[in-house]
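Protein sequence lines, in the order shown, are assigned to chains A and B. This note's numbering puts the first residue of the first sequence at 1, with every later residue one more than the last. This note's numbering puts the first residue of the second sequence at 1, with every later residue one more than the last.
Note that these hints are calculated values from the structure, not bench results. The structure displayed is predicted, hence computed values, not measured ones. Don't take every hint at face value.
Examples of chain A residues lying across from chain B (beta carbon under 7 Å, computed) [to be verified]: (1) Leu14; (2) Phe52; (3) Arg229.
Where a beta carbon is used, it is the ideal one built from N, C-alpha and C, also for glycine.
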Amino acid sequence: MKPRVAVVTFPGSLDDRDALRAVALMGGDPVAAWHADRDLRGADAVILPGGFSYGDYLRTGAIARFAPVMAAVREYADEGRPVLGVCNGFQILCEVGLLPGALIRNRTLSFVCRWIHVRTEGPTEASAGLAGGEVLQVPIKHGEGQFVASQEEMGRIEAQGLVAMRYCAPDGTIDERFNPNGSAHNIAGLHNETGNVLGMMPHPEHAVDPDLGPTGGHAVFHWLLSAARDRVHA
Amino acid sequence: MTGRQPAPTEDLLHRRLGLTDQEFDAIVDKLGRGPNDTELAMFAAMWSEHCSYKSSKVHLRSLPTRGPQVLVGPGQDAGVVALGEGVACVFKIESHSHPSAVEPFQGAATGVGGIIRDVLSMGARPVALLDPLRFGPLQDARNRYLFAGVVAGIGQYGNSIGVPTVGGEVKFAPCHSANPTVNVMCVGLAAADELIHSPKGGAGNVLVLIGASTGRDGIGGVSVLASRTLDQDAHRARPSVQIGDPFEEKLLIEACLELARRGLLDGLQDLGGAGLTCAVSETAARRGVGVDLDIDEVPLREPGMEPFEVLTSESQERMLAIVRPDDVGAVREVCAKWGLSARAVGKLRGGGQMFVRHQGRVVAQVPAKALAEEGPEYERPASAPPWLVRVREDDPAMQPVPVSLEEAFYSVLGAPGVASKRWVHEQYDSLVQGGTVLGPGADAAVIRLEGTIRAVAVSTDGNGRYGLLDPYLGGAHAVAEAARNVATVGARPLAITNCLNFGNPERAEVMWSFAEAVRGIGDACRAINTPVTGGNVSFYNESGDSAVYPTPVVGMVGVLDDYRLLVRPGFPSGGLVIYVLGRTLPELGGSEYGEAVLGKVSGRPPRLDLDAEGRLHRLLHECARQDLLASAHDLSDGGLAVALAESSIAGGLGFTVSVQDDGLDPAVALFSESASRVLVTARPGREGDVEQLAAVLQIPITRLGLTGGSRLEFAGLFDVALSDAVVVHEGTLPRLMSAQRVAV
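Bound conformation, chain A alone (with noise of 0.2 Å):
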């Protein structure tokens, strides 16, 4: 049975079709989902896709936060069911306490698309993860991807590594030339504590189709279906 995969669609968000169009080209089954909904319509994953969920004139993700829906992300997260969010699904789960850190406007202060390279940091023994080490190209496109967080907070992210993935040059190394926005640490993506958790600035839902570019997201969808297969068989 192929694993339903909800992607919640906000007022402004924007990736929420590619997203669904990426999940039934990995293999899942896309259910779409609505931000006034209590439930997620018994799917075994879900995704909080990119775009500006309530115009994100206040702070990025601070209105989603109330959502109705929200509710039923955080079960998910706190079963152990996989959440995914990408750029301002990412920005929704760090203002919802579900991945530590903020993001804020770029360093630049211009908003960037543009190709990049990150590298996949080694799974944890808490987190199923990505596996480690790989070099994944993907696009970014936000005006507010700079991650930051308190020192003693970074201090916990790196110790417990919760790190996913952080920019890097194409052939892997960490260098703050190739840091697009001016994360701390060259972060470019997180995960919590138990690993069913990642948020990412990058768009691996615009990397997975060969007749569009390169397939920088496969390593994403892999994780996020196979981790919504074990809950399928569990």
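Take the given structure of chain A and dock chain B to it, following the hints.
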């Protein structure tokens, strides 16, 4: 005006609103009485140059508009062509130059919002945006402020609504310092049988105003801003610029598409220039009915708005739905789901009158057709400027090259108009919606049709220098090059939309250049078989005596039967044979070389053989279909040298070429901008097929050399390191824009 003739200096309302005394008299004739102030404000908006096309109509009529591919031609909110497999492509280009000159961020942002609603009103999902932009030189702090603001505004709006910005162009010239040119094109897709047409009749149907509330922003936008020249006090017009809310627009897109999909609409009209007055009168006039509009039902942002303010406000993010009475409830429900206001503000009725009610009184009663269709029409005096003869005779090809060829090469490659526009397009989301097969920086953008191997190819083009030196050729070249761009990626050009950016039409030389440009566009469109489906005229782009170059910008759409066969501009591998298709002549008039190296805009633009142009497109299309080419890149600004450098930079691979086989002067061989030429590399082993096809179609083909290495080697002339060329090409705009100071 019967009876008294007012003194020319008298401060009369109609004059303050931008209407002439003769136009006022015509209104009196149509009404059979003098208009009240509300009616006068409505006429002033609808009879403005911007809405009525009064100076341009007589010329625009000469354009070819029909063809088997055209589903909807000019006169609707946007043109429509068939792409095959039941898919319709809806597209339109518009200018937002005047608002952008006054307030660059919001001016450009609301331009994006406006053109999207045009496409949406046909029932199509907007899938791509392209932005042709022109600014003054970036050495000037104010020009940097305008450039940065416009790009950020386009980005903020486009990025927030999920429509990818996939192309456009940016060029610079001193004439744009006071008057930047900001055009924006939107492309949408719909199932052909689900397009929203505007049927006749419909009396009894309800007008439902959807989206944002109406405020005092943008009042007089069409008459104050768009239909006059900007003077020293232009910044005082800032209140006439609207403020955009892209979130509301995103909801409008989704709500309107859902309404269309569920068959709840009898019609859909965007609110743009001239606001409700335009949307309501055009709807009634097109349908041949009258209308009752109750402006007390219009949700307002602030109390105490006068009827004329409600009627002409250009508040953004509003659409007018025409709904059968039984469907009004369902329409309200869909809008509520998306958190949008939906208010019944009136009804279509028999007859042809537009009644406007306010607090139980009729405050305006005018024939809808008089507003929307019976505006004035002028055949303004036109004559060529006397200085043109002298400037044309000053042929750059006759000048000695003042610097080394290598220096000239770098000057041209690093000219801001030629240099990489990465600084611009990285600020735009070009990927959202997941259809972008080929994005910014290529000859044409390519967007695939969901679930098929078919794609639409789009390009915009316009060369102001050519427009200045020969507006006829300026118009014709814009069409030819936009079509060539589309053909270069392997697509078949289908149809155009155009944005005609000119100075004050009341000046004879401006009017002459306009008429010539339209004639050039018409001839080229007929020859290449790409009809005109609509467009926009932007006059009064001048300050004092300095007008913008006559700049016709053409937006071309084409179809690619199988996007997997598209051809990209970069050299993909070493050892490929490089050819140039087409003939190179000593044509440096109006060239990038002339401006960047000689410091002059002079001479005659390249000639244009439209028959050869068409054959070149067929050759490119056939080569792509048979998968014969490894790369293809159009030759335009900067000629062969720039095209070679760009293909090299895009592929990350050098080349060795000999450019002087036919004994041309080196500067001509490198920098001539002769039209109808494309740089290609053949797939290994297919060289003979390419040469043979070219021979069959009678397109000259010249073997230049081979790809490979890490140097750009022009044998016998000079050679440079690819890495140095990259620094010049990529570094120019960031370097100019990193000068932090901007002036407001």
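Status of the hints after comparison with the structure:
1. Leu14: holds, 3 Å
2. Phe52: holds, 5 Å
3. Arg229: Because about 24 Å separates Arg229 of chain A from the closest Cβ in chain B, which is outside the 7 Å limit, the hint is violated.
In the structure shown, a violation is registered for the earlier hint numbered 3 alone.
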